[in-house]
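Colleague: Read off the chains here:
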Amino acid sequence: MFTAFLIKYAEIGVKGKNRYLFEDALVQQIKYAVRRCDGEFKVTRTQGRIYVEALTDFDFEEVVDNLKTVFGISGICPVVYVEDEGFEKLGQAVVKYIGEAHPGGNMAFKVNARRARKNYPLNSMEINSEIGSIVLDAYPEMKVDVHTPDIMLNIEIREKIYIYSQVIPGPGGMPAGTGGKAMLLLSGGIDSPVAGYMIAKRGVKIDAVYFHAPPYTSERAKQKVVDLARLVSRYTGPIYLHVINFTDIQLYIYEKCPHDELTIIMRRYMMRIAEHIARETECLGLITGESIGQVASQTMHSLAATNEVCTLPVYRPLIGFDKMEIVDIAEKIDTYETSILPFEDCCTIFVAKHPVTKPNLDIIRRHEKNLEEKIDGLMETALKNDELIIVHQ
Amino acid sequence: MEVYLDNSATTKCFEDVAALMTHIMCNDYGNPSSLHLKGIQAENYTRYAKETIAKLLKVSEKEILFTSGGTESDNIALIGCALANHRAGRHLITTMIEHPAVMQTMKYLEEQGFRVTYLPVDSKGCIQLEDLQRAMGKDTILVSIMHTNNEIGSLQPVAEAGALIKKINPRTIFHVDAVQGFGKFRIYPKKMNIDLLSVSGHKIHGPKGAGFLYVNGKVKIKPIIYGGGQQNNLRSGTENVPGIAGLAKAAEMMYADLDMDIDRIYALKQKFIDGVTKIEHVKINGYTGRESAPHIISVSVRGVRSEVLLHALEDRGIYVSAGSACSARKPQPSATLKAIGVEKDLLESTIRFSLSVFTVEEEIDYTLQAMYDIIPMLRKYARH
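These protein sequence lines are chains X and F, in that order. Numbering of the first sequence is given in the numbering used here, commencing with residue 1 and proceeding in unit increments. Numbering of the second sequence is given in the numbering used here, commencing with residue 394 and proceeding in unit increments.
Hints in this document: simulated from the structure, not taken from any laboratory. Using N, Cα and C, we set each Cβ at its ideal position, and we do this for glycine too. Treat the hints with care, since some could be wrong.
Distance condition first, Cα-Cα at most 35 angstroms in a straight line; then the derived DSBU-like pairs of lysine-lysine [to be verified]: (1) F:K773 to X:K384; (2) X:K369 to F:K773; (3) F:K676 to X:K353; (4) F:K737 to X:K323.
Short, incomplete list of chain X residues facing chain F, as computed with Cβ under 7 angstroms [said to hold, decoys possible]: (5) V80; (6) P215; (7) S218; (8) Y252.
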């Protein structure tokens, strides 16, 4: 029955002079989302409203599911629109709408008319009361309640007349790309895709870097990371995924440094490499899925040790989350099933039985001196062989 | 150089087989159940396939049932037999080193109220006939023993087991999973007292999705798939004509020069074993030589994780398997390796090389050289 969607957006409505930037970005993202759906759609922005109109047949559930991935949308209202063919016809259309959208009757409703076209013969108040009585005549078991209605029946008079009464919650946040770009360290675990999602929700465009360690990690492990990036890209838009071959660096650290510090030193080099790519690709920060105390390398001491090597801000949106809270989001955004596939990632290969949990920065720095001879060359090679995969839905 | 040594997982299709299948799919694509000429043409392929396979096994063509492969053959054999004979008894016997297609089906039958005895194996991966004799009871309706183990290549005393079973109870049905053995050995069900025999097409350079089950004409089994009543009601569903024709063609080709091919593969296997055991702390699991399958070599490399070695070999174009391909995606140690008593340290350090008629000496040399290069390097960076 529905032929269009009215898109509601909350937060971006208040962004002063920049507002058009946010709205344009939102329209862009909505277009990207509906392109994935069967059918043709027109996305228009008029007078502080965004409409998605279907030009052909479409699958209602599919379109709603895809719109739910667009950050910046606070509500999705399925809309029926009719041509203006006089008030009597409008009354009939509304009666038909109630019958289809709210079968069963016996509900309290309120009519909320808006007259964007001021030359319409009735004003808003008149429309409210006239339509109200037409509905009551047609469905005697319904009643009017202007304070706590079950159904808020919206009627908007524009070129055409729009009728809607449902609001499906959107994901909130801000449209992708309005907040600059950041580099996500994507591992293949549960946390990092969620971290990317959380930062993207604030309008940040996401690029990602994955550290691949063949033959210690397999092609399947890499494919898993590509799959995860693809799932996240439903929300973020296309992701540029940088795959860095980390094996030689890892083996060199293994050779030259104490094993219980291996993970920390390795992570310091991952941060250095990620920051390097981030700067080259104009990212304004790094994103990790770290959460305090989750593993040895995520204690306050360890975080301080890994944080020290970069100057770009490091965003850690999950820092105060428990594992279960992270899993809940991972399930919601559909990355959980993929994340738990059992392939080794490069952090677990050489992990010591008892890695340090309170690394001493001076000692770590001293041990990194053991690497001086070759490490710059190895980093350079790794960066030069950066494999770029563009991931999108 | 690309060296494919994972032939127990699957094999490269013979080109003649692929050509035949393409021809059938594009030209003789009829449904064998149709009354018209197109249907009869298609039926001729399945009839010819049945005759070919029946001849190789020295059985009647009425006793060949086409399936989607080894797993389905095992399922029909075990479940079909249990369903048809549960009044005679509810006891089943199998071994501890069966393929999951048998193992998991047995677990399912246990849930359905059947009792299952799992025969142990010795350190070389073979069952003992005394254990079988002891396990047999009045209510034993089915014994299922694999012909060739898929992970270590051990051969079971199938003919002896068949004779023993029938001596104790002629009514006990004997199933043999010959997925790894068919195409390598001459298997004659009548002579070996085998009532049900599972075979898969893609392990013998035929197509995936095609296999067969030999069903002794005197044995009763019930279908597990119902529908249009094809194949004497035993397995409904339109016959996979290209698959069936390809399967038979592949079988025919495998047996054309069997003795010569097998001698050659045994020689390559021996060469590989001689070469690889020169490396320190490398051990072959199970028997070597003619007491084992010609094509399967299970190698434990102390101090190197199998997955890492697998990927290091892959870097050089050599494809092998960690454990068996069917379980390689689940990171749990192999039941077969556990059953033969491989020590804990080596369970995750074992890889399988499996050869085929396409394997040549140059590839063995290349692979040995790769092992000589890679293993010392990987051992340097062992996990602590």
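Colleague: If a hint holds in the structure, say so; if it doesn't, say that too.
Modeller: Going down the list of hints, with the structure as the test:
1. F:K773 to X:K384: Since the Cα atoms of F:K773 and X:K384 sit roughly 27 angstroms apart, the hinted pair holds (cutoff 35 angstroms).
2. X:K369 to F:K773: 22 angstroms, holds
3. F:K676 to X:K353: Status holds; Cα separation ~27 angstroms.
4. F:K737 to X:K323: Given pair F:K737, X:K323 holds - Cα atoms ~32 angstroms apart, limit 35 angstroms.
5. V80: Check failed: Cβ of X:V80 comes no nearer than 46 angstroms to chain F, outside 7 angstroms.
6. P215: Holds: closest Cβ of chain F sits about 3 angstroms from X:P215, inside 7 angstroms.
7. S218: 5 angstroms, holds
8. Y252: 10 angstroms, violated
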